[in-house]
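Chains as they are written, first to last, in this note's numbering: chain A, 1 to 471; chain B, 1 to 474.
The hints are simulated quantities; they were obtained by calculation from the structure and are not laboratory data.
For clarity, every value in this text was computed on a predicted model and none was experimentally measured.
Mixed in with the good hints, there may be bad ones.
[Claimed, not checked] Over 12 Å on every C-beta distance to chain B, these chain A residues come out as not near it, computed from the model:
| hint | residue |
| --- | --- |
| 1 | Leu45 |
| 2 | Ser48 |
| 3 | Asp278 |
[Unchecked claim] Rough simulated footprint, nothing fancy, chain A against chain B, three-plus residues with beta-carbon under 8 Å:
| hint | region |
| --- | --- |
| 4 | 80-91 |
| 5 | 227-239 |
| 6 | 261-268 |
Glycine included, every Cβ here is placed at the ideal spot set by N, Cα and C.
For reference, the chains in residue letters:
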Amino acid sequence: MSAWETIIGLEVHCELKTATKLFCGCPNMFGDEPNTNCCPVCLGLPGSLPVLNKGAVELAIRIGLALNCTVAPSTFHRKNYFYPDMPKDYQISQYDQPLNAGGWIDLPEGSRVGITRAHMEEDTGKSTHLGGTGRIHGADSSLIDYNRSGVPLVEIVSEPDMRSGVQARAYVAELRAILVAVGATDGRMEEGSMRVDANVSVRKPGDPFGTRCEIKNLNSLRSLQRAIEYEAARQIDLIEAGERVVQETRHFDEQTGRTGTMRSKEEATDYRYFPEPDLVPLNPSRAWIDEIRSNLAPLPKARREHLLAAVGEVTPALVDLVATVVDRDLDTLVSAAINAGAPAQLAIARAANELDADGVLPSPASFAGTCQLEASGRLSATQAKQVLAALLDEPHGDPAAIADRLGFVAMDDGALDTVLDAAIADHPSEWQRYCDGDDKLAQFFVGKVMAATKGKANGKAVIAAIAARRP
Amino acid sequence: MTTSAISLAQAIAARTTTAAAATDAALSAITERDGELHAFLHVDADAARQAASAIDARIAAGETVGPLAGVPVAIKDNLVMTGVPTTCGSKILEGWRPPYTATVVERLIDAGAIPIGKTNLDEFAMGSSTENSAYGPSRNPIDPTKVPGGSSGGSAVAVAAGYVPVSLGSDTGGSIRQPAAFCGLIGYKPTYGHISRYGLVAFSSSLDQVGPFTTTVADSALVSEIIGGHDHRDSTSIDAPAPSLLEACGRGVAGLRVGLCSDLLDGADAVIVDRVRAAAAALEAAGATIVDLAIPELRLGLSAYYLLAPAEASSNLARYDGVRFGLREERDDVAAMNVATRTAGFGPEVKRRIMLGTYALSAGYYDAYYGQAQKTRRLITNALDAAYQGVDLLLGATTPTTAFGFGDKVADPLSMYLSDLFTIPSNLAGHPAMSVPFGTDSAGLPIGVQLLAPGRRDDLLFAAGAVLESEVSA
Ligand SMILES: [Zn+2]
């Protein structure tokens, strides 16, 4: 029997990082006292009218351009359904004329995922259900916070181009990096500023798409991957047991790692979309779109390519390190350090592993200087890391001076010989095996020397000394 | 009160009378007669007296006051005012006090007007007689056995009964012009987007417009200039200077071509047809050229309107769900509470239109109903635009009949809907229109003739309206 293929399409809701809400002047703030950032408009009070936030449109256009979409004249529609979180009992969204359509994302591993559309809409409020299971059914009472009501969202709908939970995870990670890079969002999934719905189906390769289920509200990369993998396995089990997959909406339970039924297609709402009469068509001028395009920050893919271009031999490990550096917004510093003379590979590795993007960063010159001292053998790796740590207190400090102050004097060869002699004397059988050709034991002796010198020895010099002793 | 708003404001500014006296006169007229006529759902006498004293104090201090300083006004109860109960004639909003004020009301207050209270209407402005108000109907002051028209019936009564010289109404399919015709007033529906809808509780957002009831064309022009103009809080508000309406009142109609439109006339009572022809003659005598024409597409307006307006209403009225404001019928879960609240809170006409509109937007029916109605709307707009290639204005009847009796049309909603036949096309096209009183029937009930103009040529209505007005008073 041939293997099953999983088909995944994702809908990602991204909260835009605007100062104010989509249709009113209320602050767009997470975590304030409930119902403090509200007005007649975002409470849907009778007589209130929406006025589109131009800043939100600009961020939405940035997203469209970054996702290689066509930005087109668009309209808003009302999506009608009753829900207590939603004050007007309709959501202002976009329907058949989205702002952005027809783009793609290239993932770091080389695949391309199509973007169907990226449209604008408003967020709902948030309910807290007291009593019962904590869900709306069976709750004793519910409290509603409308601070989030009317917060601008862009919903990014992908083509069903993904084939594994890992790929879906990579897609959301890359999408998140793009959205953060263009300044559209802070990308905090755990705070709900990015929420993912996954459409999952399975088929035999070459067959038509199978019946899909939609898993709602996945709020971490890990949950996304787990939910997809569970759901695909569930569908395969059903089909192999001779049953059918029923099209429905499901939720993912973080505790059990399983998906469960929310509502079936029969219960699906008829949203009765129609053009929102309170808003005029959104028709961004070509000049404005061009201006937004020309001010667009470099995207993660270009930034990764830029860093990789600075190193000679590209290894998978290095690709991962570069991804980390860009993901953590350290690539500007690394590039500056490379320009200031730091060896590229070392600067990338030290930035990825030793620097905290959210904390104090060394100046490019000091960072470059530290890398150079390490590369030249003046500092050991351990010492270089300690110098980097010390630079947090004086970001523009002179790495050589700091090394002197910390007492990092490169060991002279005589001292190294003495330590190595002692290590060999303490571990004669290991030394014999090394001499008999077991190369792995070189590292054992490097470790012994490092421990004895508290990391002051230069790793490369130690390796050279060990190799020189082998008969 | 027979004085116009303009002359009352002048008298108050000249200190020949006071805002307090004008307000007291309005309040005592209401006390005397509104038990019978029921124009008001809410009268705020204390607030009105306070506002009037403040105006008088400013005038006494020699301060510059607005053009309506001290003039009492009435506000249809679907326009919000901070802290003042707003019911929309519905039980579902009973007791709701909005936390904000409609732009039009704000602008009236800034001009010195004194809001006296909130006037009766058909529930959520759905109706043509005020018989759909959950708080009982209003009565026509000319003949209290007759309806005042609707939905802005209470606002029409407040002016026709002489309580106040100015009131605000809203017009979705004729809800200002029809009661103006029934009560013998000037009723003006502006170009869509000329007057802000911010704070007007929506019935059908793409059709609703606010406008005034007045006893003179010049008052209508003044009030409309005050409340009109761009409002950044209404995205459909036109962001361009409007033509001066007051100036147009003295312009005359010499050289204008007026289309006497059979499709705004056929089917009306003979006495109304006669008065429209008399109005045409009056305009001709004032130098206009009368052109007989037909625009058969206008006949399609009624059916398009009764799909589009309910469709938008079904969405606009979804928010009355018992969650945040107004009536709540407690039940064990949210959905049951929603249903119980809406069942108890809405009257039969509102429910009928919500169901009609929901159906028109449903999957599988959208194209046949809502979509078709939108096409018809464009067809009517195009037909009007084509007609305006040959004429500057259109003339017809406002209503097919004069004011009818209570209960006459309640049993048959369709016959009630037909009373909007001549007024609906302007709403569908977003064009301005005005009803001007032009005589009475044999029973003495007022007859209104209707002037229609192309979008953003509201000034033409005032030019022609003033000519007809002078003919009547001559
Ligand atoms: Zn707000």
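Comparing the hints with the structure gives:
no. : hint    : verdict
1   : Leu45   : 7 Å, violated
2   : Ser48   : 7 Å, violated
3   : Asp278  : 5 Å, violated
4   : 80-91   : holds (count 3)
5   : 227-239 : holds (count 5)
6   : 261-268 : violated (count 0)
The structure fails to meet hints 1, 2, 3, 6 from the earlier list, while all remaining hints are met.
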